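Undergrad: Chain by chain, the residues run as shown.
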Amino acid sequence: MMLALEMYRSPAKFLAAKAVGGRIPGILTGPAAPLRLVTINEPKADRDGWARIRPILSGICGSDLGMVTGSTKLYFSAVVSMPFVPGHEIVGELLDDCEDLPKGTRVVMDSVLTCAARGVEPCAGCASGNTNRCDRITVGHVAPGLQTGFCQDTGGGWGNLLVAHRSQLYAVPDGLTDERAVLVEPLAGAVHAALRAKIQPGQSVLVSGAGAVGLFATLALRELTQAGRITVVAKHAKQRELARAFGASDVVAPDEVFRGVRRSTGAFRLKPDFGAGEFLLGGVDVAVDAVGSKDSIDTVLRVTKAGGRVVLSGMPASGADLSPVWFRELEVTGTYASAQLEVNGRPAFETALELAGRAPLDGIVGARYPLYRWREALDHAHSAGRLGTVKVAFDVRAS
Amino acid sequence: MSRPGFVLEVDDRTPPLLVHNGEGFLLERFPQGTRVVYPPEALPPVRDVDEAIQNALLHPIESEPLPELLRAGMRLTIAFDDISIPLPPMKKPDIRQRIIEAVLELAAQAGVDDVELISANALHRRLTPNELRDIVGERVFRSFFPDGKLYNFDAEDAANLTHLGQTRHGEDVEISKRAAESDLLVYVNVNLVAMDGGHKSTSIGLASYKSLKHHHNSHTMIHSRSFMDHKRSKMHESAWRMGEILTQHVKVFQIETTLNNDIFGGPLEFLQKREWEWSVKDQASFLAAKRGLAAAPAKLRHKIFTDTRSNYGLTGVHAGKIEPVHDKTLENVHRQHLVEVQGQSDVAIMGVPFIGPYNVNSVMNPILAACMGLGYYFNSYRGNPVVRKDGAVILYHPVDYEFSQLHHPSYVDFFEEVLAESTDPATIEAKFEKQYAEDPWYIHLYRTSYAYHGVHPFYMWYWISHALDHCGDIVWVGANRKTVERMGFRSASTLSDALEMVSHSVGRSPSITYLHNPPHLLADVR
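Protein chains in written order, with our numbering: chain A, 1 to 399; chain B, 1 to 526.
Bound conformation, chain B alone (with noise of 0.2 Å):
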């Protein structure tokens, strides 16, 4: 049986806490009184997950069963989410892989035989072939990519989208063609946490730069409390406006997935435990993965954790109309994610890992490690930030001067062109966004390398601009002090130097809360 979120208080029998501090963990000891909001333990999982699959496919959410929605000489599309979730990627068999085989096997019956399988990854990279296997499996693989049916979206190829039109809002809704065109698109969605799924998959998932400006700039992005709430994140207000369009032209029948909270296995078990319960087997797995990890070279840490692969349960799997699909999606997230949190603190403590959404297989850029503290980590919540208005954050990360020439060309230009001019969200989208987003180069990097689009480290931005906008002080415990303060933060050598250079703002006793992740957990401030 699995335990709910937790909240411990720190006094003198608490022993130090794992923080996860980039390739590498530390353990930290907090002052007392400190407020450490442990994640909930893994959800049990379905126990037949192709039953539940089968389930969800015939027995859908408002919808007529999916074999009825086939008929022989139409045209059908499945697009699924792209390497970004979830995080760290899943042990094979991925849960997109058996959907996706599942639709396609009603597809054969029914006697289509006009497919395409879109990877919706926007404006993210593109995914190598291996990592589209490791998606769909060898067998959907081998069926359909040498023919060039399943494929990356392509947003920059003009010729392959339509425009269907504007929301109230003056919003452009324009999204890939194939899809547009398709007498049935089918989404296979994997909802790692709140913010994932609902209208957020194909109306962003498979749109351009074009659409995707609206909802992702500064204004938009400051004003959505939080990103796991959809009815209060301005983003998504406008992905689900945009949905409305999408379903007047395109019949969607949507298929979302939630997992468990079992992220950690093996040697690295001990991740997923609470500190006081560990036994004897997780100290020495603790120190031992330490200490190798600080002797490794950099190249093996960075081969260890990229490998890191999940062994996630499915909690939950359900099929239909868009809307009420993603509301059971949003229970079975609420139920493994959420923890109950009594009021706001002064300071929010929390470390970050290696991997964020962009550098699945590819490094964490300064910016990437910005993006996962402060626009992931401080947008977990409910109701409101865990640190009050005008409050602290102090993160952990090494923030290494360190970019991917392959996965991330436009960060480094970013990273010493923009963010050298301004650190402000609104003043760099003005002043910068449009050229990097019809810069050639980055438009022809993102079409045929492996590079995120131009525009991304900007998203990325505006991704922490209500973290930044929040905060009265973001604080880097042991982070590169020139990579840091190039982003308009500080870095500290020690939790007690931070709460030092802090004070200033939130006093000598301010209340402390170190969120306690990954694994996930969404804390329900109150």
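This is chain A alone, in the form it adopts within the complex (with noise of 0.2 Å):
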């Protein structure tokens, strides 16, 4: 038996979630909240491949709160198995062995479930190392689910233990410290969309956001990118300091997105009729939503030059306006997750493993908290930005 957290099926909380979630956080971590800490069965390594991990440190991520705070879509419930414990940026130690990994490795874990781990033949997506792409994820000898962390078979990083396949592993080099292995999940997601973003030397990026994701695709395109001018849109003065300490050339407030964003690339900026928004003619070369709120995405769309490219990295609302996608050619690229062979060659894993050894991430992780306290930390990941938090962690061994 083990301590977890575990997401349950609760309409009704559900719906209150949805309804009054965005005005009343603190609800969602109370009475509303489809979480609950319970002592589960331990899930089970009986395959091949597969192997026990006991996390040290799991992340809170945008699409955890999103699911907590009923923000995330119908969409993906297809792709879940409820009950399931939450948590997919992991930092643990392998309690077997696995293939060639011996017990007691520090591992980081690439969540997806693909077909390797699934145990199917790979579809196309994973045949050409676009794992994240995978179409078997709710088939195979393991329960729904796109990724562990949303899968009941799996577990998950918070709960004392979880299973992973080999094939989502990787060893955590000596030199790392937990607090920075941690971060390694959400670095391959930012490496993957800053390869995505197919950034020419010397163009212009605006990276609207400057939570986790935000920060850490300015991270990205400022190493792996010959980007110009990165732009980054950051509300806190926290994030303002790390952005420009990731590599933004400047950052400006939400406010000020359509005037920093003129002034920089010399676009012309109109204003239509009866309150519509504003817009560029001209803009950024690449624009980054890390936010996936309506307000950022219509932003994005509405500051980039025709032709230009849109990036969706944050998990996206619904209702924004696409007038300028038809209008100005816009090319929109979504990214989730990472890929086993990214463009540059290699798993966004491996690189991103070196970025965290290199890059100035020393206090990102802001908070640890025990699971027992999930409440609280969910309600300071909730307020992170404001409260100059990057990161929020459970911290399972002390549970």
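Worth flagging that the hints you see were computed from the coordinates, not collected in a lab.
These numbers were taken from a predicted model, which means no experiment stands behind them.
For each residue, glycine too, the CB sits at the ideal point set by N, CA and C.
Worth double-checking, as some hints may not be accurate.
Stated by the list, open to error - No farther apart than 25 Å at their CA atoms in a straight line, the calculated lysine to any residue pairs in the SDA-like style are these:
#: 1; chain 1: A; residue 1: 271; chain 2: B; residue 2: 435
#: 2; chain 1: B; residue 1: 210; chain 2: A; residue 2: 266
#: 3; chain 1: B; residue 1: 299; chain 2: A; residue 2: 266
#: 4; chain 1: B; residue 1: 434; chain 2: A; residue 2: 259
#: 5; chain 1: A; residue 1: 271; chain 2: B; residue 2: 231
#: 6; chain 1: B; residue 1: 431; chain 2: A; residue 2: 201
#: 7; chain 1: A; residue 1: 271; chain 2: B; residue 2: 450
#: 8; chain 1: A; residue 1: 238; chain 2: B; residue 2: 434
#: 9; chain 1: B; residue 1: 434; chain 2: A; residue 2: 281
#: 10; chain 1: B; residue 1: 434; chain 2: A; residue 2: 274
#: 11; chain 1: B; residue 1: 482; chain 2: A; residue 2: 240
#: 12; chain 1: B; residue 1: 431; chain 2: A; residue 2: 274
#: 13; chain 1: A; residue 1: 238; chain 2: B; residue 2: 415
#: 14; chain 1: B; residue 1: 299; chain 2: A; residue 2: 281
#: 15; chain 1: A; residue 1: 235; chain 2: B; residue 2: 422
#: 16; chain 1: B; residue 1: 251; chain 2: B; residue 2: 327
#: 17; chain 1: B; residue 1: 434; chain 2: A; residue 2: 235
#: 18; chain 1: B; residue 1: 431; chain 2: A; residue 2: 244
#: 19; chain 1: B; residue 1: 482; chain 2: A; residue 2: 256
#: 20; chain 1: B; residue 1: 431; chain 2: A; residue 2: 247
#: 21; chain 1: A; residue 1: 235; chain 2: B; residue 2: 421
#: 22; chain 1: B; residue 1: 434; chain 2: A; residue 2: 282
Stated by the list, open to error - According to the in silico footprint, chain B covers these stretches of chain A (three or more CB under 8 Å from chain B):
#: 23; region: 81–87
#: 24; region: 266–279
What the hints assert, rightly or not - Partial list, computed: chain B residues near chain A (C-beta under 7 Å):
#: 25; residue: 413
#: 26; residue: 440
#: 27; residue: 441
Join the two chains, each given in its own frame, into one complex according to the hints.
TA: Okay, here's the thing in structure tokens:
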């Protein structure tokens, strides 16, 4: 038996969270949370290539919060299996030998449950190395689940134990601290996003959002591409400071985006009639949305130059105005998780491990909570930007 | 009979003194011993303005009379100063209208039919049709504007600029093609202060950025001591050098006018007087104005000030060759504005009023407020600044965060982006000026809307560089703390607080001079 936080099906709580979550965040970690701390059976690692992992640190991701707050779309309900233990950003220790990785190895985990993990023939995505595009995430010998942390059979990082397949695991170098290692999964996502952005040397980039996704995307863009000016939209003082440290050329507040981008790119700024949102003729070559809100997506679509590229890195909301996509012939690209064969010929996790070793990431994990203080942890994560925190994590061993 | 400027020392019988404070005024009790410099009263105006104009055109200085310069088939261009002067704008008819009508009449008599009129606005905003009409009058406007013969100068219209050459200092002289290719360029000037007129008229008013950047830069501005003394102003020296090149190519007939200090009339007449001479009616007017303005909504208050028109009297009109004409002009300006001030003081105090050259029919944003106080008023001296080196300047203005997106779009960005990085004129010039000057959006707005050129806020900031270099402390009384901090200054709630704040540099018993303007004065500091 083990202690874990469990996400369970509760239509009433889901609807309640959806209805009031945005306005009363406290309710999400109170009575309306479809989450509970339980003692449950440990998941089993009884197939070849699977091993048990004891998490050390387990991050709270924006998608985890979205799930708790009911802002995740029902679209995803077909690719999860309830109840499940959330948590896909982990650094942990192997409790079993796992092929070439001996017991006791510190590992990080690519959470996508691909064809290899499910024991089925590789789909086209997996065969080509684009494992994050796997078409078989609902079949095979593991319950449906797009990732570990959304799957009933594997457990997740918000529990005392989970199981993972060798294809998901990467050994953590000795010199890398747990606090840095737990950031490797979101860093891998940022590596993937930066490479998906296909930035040509000198191109201007806007990153909308300076939470973990936006900051790591900025870091990856600066490290892995020859982007010219990178403008980051940041709301809070600590975010502004970190954005600069991670490579932003300039940082603008959310209400200064149009003015800032217009200035830096020499674009024309137009204001339509009747209160419709303003937009630019000209603008950045590439924009990365790292928020996922309607406002943020609207903004990035309106400040990207004709023929430019918009990368949706946050889980997108609905209701954005797509007029600029048509009028400006924008190329809109999504980025989800990361691939085992990126366009640079390497797994994103390998690149991310290197980044985690050399980037200025000290202090990025700003708070650690034991599992039993999950309400405070989620509250903190929900207000992380305002509180000057980038990443909140569960200290699972302390639980 | 007018009275000359006056210097008063505040003692226990001195009443509180009026201080301009943006769109309002206040009465301030100054420390005893404060030296108050009052502007001279308005000189008596020329009695027959039309006759004076005719006389100037027919008996010019070092030039043939205007009729002899006019002939059928020639190309005649008349350029005139834009709305940045006089301040406040003049009651109709504008003196420029009267002169232009007289010139056009002589041109018509000579059979000249190729005439164009250009507002010499350089990188200032375009004038609206109504603003052009206010200056040239209804008759001239109707005759020329519909045919496109009366228009604003466009410093970004590359096809209509002519490069006349370079000065011996390598300064480009590039002006309006129409003016450059005219057989005669008549320039109609209004001299409100000693800075205007002379070679500053054509060489700056009709010049492009390529030309202007040679003297509108931090280095030149910091070494202009002062703008009101063209022989000690590096900016004027440059303009004069350009003028030499210009006049080698273009025949210029310069007409300069000077105005008296009759600025405030009607219910604001008390602003013209010295406080201890206020009648009961003046005191009542002050109270009514102060309370009324305080109670009025911002929009109404703004309208009241925007609609203010002054009843200037003409003190002189001279025409002919640029240099000797300008000498006559300066005589008149000095006669009106000069006030002898003995020695510098530790602290200079100035009230910044509601209007400056670049916010006519608009709002005075923080950068313009700084320019008005530290660019214009600080530089209203001849000889030495009123305040000693490393002394303190105390200014009054609310310095609200208020910008006109129509007129000053690049100012907002300058305030938010450039000043956030540095307030040092040389640094921001090196890092940002070119970007702003060449920004297509600002150029678009300058050419098609009513926006000042993208580089204009830089010029305003360079304008204050002499003050920044000279003064040890600059404190604003009653100003928005955030806006003045962004500009690198400090804000105090009261004059006492301001004096306390500057005491570390000027001591606790500093000598203080309060420059009581407007009306305008030019401190002749000896």
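Undergrad: Would you mind marking each hint as holding or not holding in the structure?
TA: Verification of the hints:
1. 271/A <-> 435/B: Holds, at about 23 Å.
2. 210/B <-> 266/A: Measuring from Cα to Cα gives roughly 20 Å; hence the hint holds.
3. 299/B <-> 266/A: Distance ~33 Å between residue 299/B and residue 266/A Cα, so the pair is violated.
4. 434/B <-> 259/A: Roughly 18 Å separates the two Cα atoms, so the pair holds.
5. 271/A <-> 231/B: violated (48 Å)
6. 431/B <-> 201/A: Between residue 431/B and residue 201/A the Cα gap is close to 23 Å, so the pair holds against 25 Å.
7. 271/A <-> 450/B: The given pair, whose Cα atoms are some 16 Å apart, holds under the 25 Å limit.
8. 238/A <-> 434/B: violated (31 Å)
9. 434/B <-> 281/A: At roughly 21 Å apart (the allowed maximum being 25 Å), residue 281/A and residue 434/B satisfy the hint.
10. 434/B <-> 274/A: Not satisfied, since the Cα-Cα distance of roughly 35 Å exceeds 25 Å.
11. 482/B <-> 240/A: holds (19 Å)
12. 431/B <-> 274/A: violated (38 Å)
13. 238/A <-> 415/B: Roughly 23 Å separates the two Cα atoms, so the pair holds.
14. 299/B <-> 281/A: Status violated; Cα separation ~33 Å.
15. 235/A <-> 422/B: holds (22 Å)
16. 251/B <-> 327/B: holds (19 Å)
17. 434/B <-> 235/A: violated (29 Å)
18. 431/B <-> 244/A: Given pair residue 431/B, residue 244/A holds - Cα atoms ~19 Å apart, limit 25 Å.
19. 482/B <-> 256/A: holds (17 Å)
20. 431/B <-> 247/A: Given that 25 Å is the threshold and the Cα spacing comes to 20 Å, the pair holds.
21. 235/A <-> 421/B: Satisfied, since the Cα-Cα distance of roughly 19 Å is no more than 25 Å.
22. 434/B <-> 282/A: Holds: residue 434/B and residue 282/A sit about 19 Å apart, inside 25 Å.
23. 81–87: Violated, because only 0 residues of the region 81–87 of chain A bring their Cβ atoms closer than 8 Å to Cβ atoms of chain B.
24. 266–279: Coverage by chain B holds for the region 266–279 of chain A (4 residues, Cβ < 8 Å).
25. 413: Status holds, d = 5 Å.
26. 440: holds (5 Å)
27. 441: holds (5 Å)
The structure does not agree with the numbered hints 3, 5, 8, 10, 12, 14, 17, 23 stated previously, though it agrees with the rest.
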